[in-house]
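Trainee: Assembly of the complex is requested from the two constituent chains, each provided in isolation within its own frame, with the hints serving as guidance.
Protein chains in written order, with my numbering: chain B, 1 to 122; chain R, 1 to 187.
By construction, these hints were calculated from the structure, which means they are not laboratory data. Since we're looking at a predicted model, the values are computed, not measured. None of the hints are false.
Examples of chain B residues toward chain R, derived with CB under 10 Å:
(1) Ser96
(2) Ile101
(3) Gly104
In this text, a Cβ means the ideal position worked out from N, Cα and C, and glycines have one as well.
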Amino acid sequence: MKVLLGIGGSDDSIRALERVVDRAAAVGDELTIAIVENPRSPRSRDAVAERAREELDAAGIDAEIRQVDGDPGSELVDMAEREEFDEIALGGGQTSPMGKINVGSIAEFVLLNAHTTVKLVR
Amino acid sequence: MTGPERYPNDAVGGLPTPPRTVEDAEERQIRLRADDGTESDREALRAMYEAFDPADRAQGIPPSRPSQLEDWLDRILEEGCYNVFAFDGDDVIGHVTLVPENGTESPYELAIFVLQSHQGAGIGTALIETALGYGAEQGITKVWLTVERWNRAAVGLYEKIGFETTDAESFELEMAIRLDAQTESTG
Numbered sequence: 001m002k003v004l005l006g007i008g009g010s011d012d013s014i015r016a017l018e019r020v021v022d023r024a025a026a027v028g029d030e031l032t033i034a035i036v037e038n039p040r041s042p043r044s045r046d047a048v049a050e051r052a053r054e055e056l057d058a059a060g061i062d063a064e065i066r067q068v069d070g071d072p073g074s075e076l077v078d079m080a081e082r083e084e085f086d087e088i089a090l091g092g093g094q095t096s097p098m099g100k101i102n103v104g105s106i107a108e109f110v111l112l113n114a115h116t117t118v119k120l121v122r
Numbered sequence: 001m002t003g004p005e006r007y008p009n010d011a012v013g014g015l016p017t018p019p020r021t022v023e024d025a026e027e028r029q030i031r032l033r034a035d036d037g038t039e040s041d042r043e044a045l046r047a048m049y050e051a052f053d054p055a056d057r058a059q060g061i062p063p064s065r066p067s068q069l070e071d072w073l074d075r076i077l078e079e080g081c082y083n084v085f086a087f088d089g090d091d092v093i094g095h096v097t098l099v100p101e102n103g104t105e106s107p108y109e110l111a112i113f114v115l116q117s118h119q120g121a122g123i124g125t126a127l128i129e130t131a132l133g134y135g136a137e138q139g140i141t142k143v144w145l146t147v148e149r150w151n152r153a154a155v156g157l158y159e160k161i162g163f164e165t166t167d168a169e170s171f172e173l174e175m176a177i178r179l180d181a182q183t184e185s186t187g
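Chain R on its own, in the form it takes in the complex (with noise of 0.2 Å):
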């Protein structure tokens, strides 16, 4: 599938890159920043998602069986995919990654994950926006997500940023967002 047939009329800009470190509400200091594309981040991120409650899967991402996990790091890490990760100390806690339908000019599907552990204290909000203006950066002008109906605090988050529901037909609701072409960083 691929994603919606139209998009926002007005861009968001003004967003903030990474790298970057914010404090979250229980006080901790965690560090955004871009995959830098080492053996070290992908088994950073495999911990992450090996230690994730499967009852937080979305959609059948992500995936539980070691071997579909596996496959799964590989299609989002690929050439042409953005991928930003939140640190808690040497841990990733949360993960934002961005994947072309169809090269690298083509509108990006967007998703996201936070640990249980850190639910709850803002890291998601301050992840997407960071993510964003790191695709903006790259020249990403158009992105998409779907999300679960039922999924209310997730659908609050993404409007607030500045998604717009696109698609309300099915269980899960299509958001998009349009970007600014952004150049100057402000992280």
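Only chain B is shown next, with the shape it has when bound in the complex (with noise of 0.2 Å):
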């Protein structure tokens, strides 16, 4: 399956890094990481790529890692569309203090204009 992860440095975004790429070197996905910009993200977009760089390394697959500018949620879904991928992955949502989910802007975008399968990973 072809299968476009989206991660903008949050926190859940790392953890569907981590699940989605131990995902495809189990099930052999063909993978590709879109690195969006989140003003919201901990992390530097270049972090972000080595994160996934390490994540790749590690479980011993290749995936193309590429750096996306402009609004996340349309980027993602128009190249999910352009390039024919099976399903987008992304992050679950963030937790409260107390232990509320809250699903993301980008995420919110994508599923509601994605014509593509959407995973959202918790």
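Mentor: Printed below as a string of structure tokens:
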């Protein structure tokens, strides 16, 4: 399966990175990692790219890592359609101090606009 | 995640403090008081959440699996958190929790749950006001929450109390209130 993973550097996106890379290694998915702009991310885009490279190396697989400029949600949806991905994978939301799950605006846009399957990783 | 980047300029004051008793719309006498930290208070709270309708869960809480509910109770009953219960007789039928982001000097996140059997009777308003009054008494000045956007009843209630929307970008609205540091009890 051809999978587009969108990550911006929030904690839930890093968890999604780990899980999606593991799964790609296990089942042989063809993975592309898109690093998007998330102004609320605690990590720089370079740090996120480096982290992605480490995860791929640790899992022993290769994947394209792409820096994506512009509005994250619409860029991911466009890429998925243009390049015929089967699935977009994203972090499944941040957790508040008391444990409430909060789905971010990127995930919301992708869920409402993508014609491909969307996977939110918890 | 952490809370809002900004808070309303105007502080809300004159809030009631626990313990107090209110009469709900169905003429039930509802006792509002702070958690006393005993095991029996924890058990009464657990019993409320065991009876809770899963359809009324919000953003994953309260957790429905017993072990996860226990972990969640540990989290919200920790030192530095503030909890106010609404009792109908010996049963907890409503609960507000205030959980700090990062230490007692930081802003607090608020959540409220009222048992289905006691919804729509005005208990929620009295309970939130009393919990905020209790928080102000403890020195809390900034409180925030998230609420699912389609939950108009809850959003209206928070606005009436003085919460303002600080982020409307996602499924969840983020709302915040600033409290007047309150030293006198009005309850």
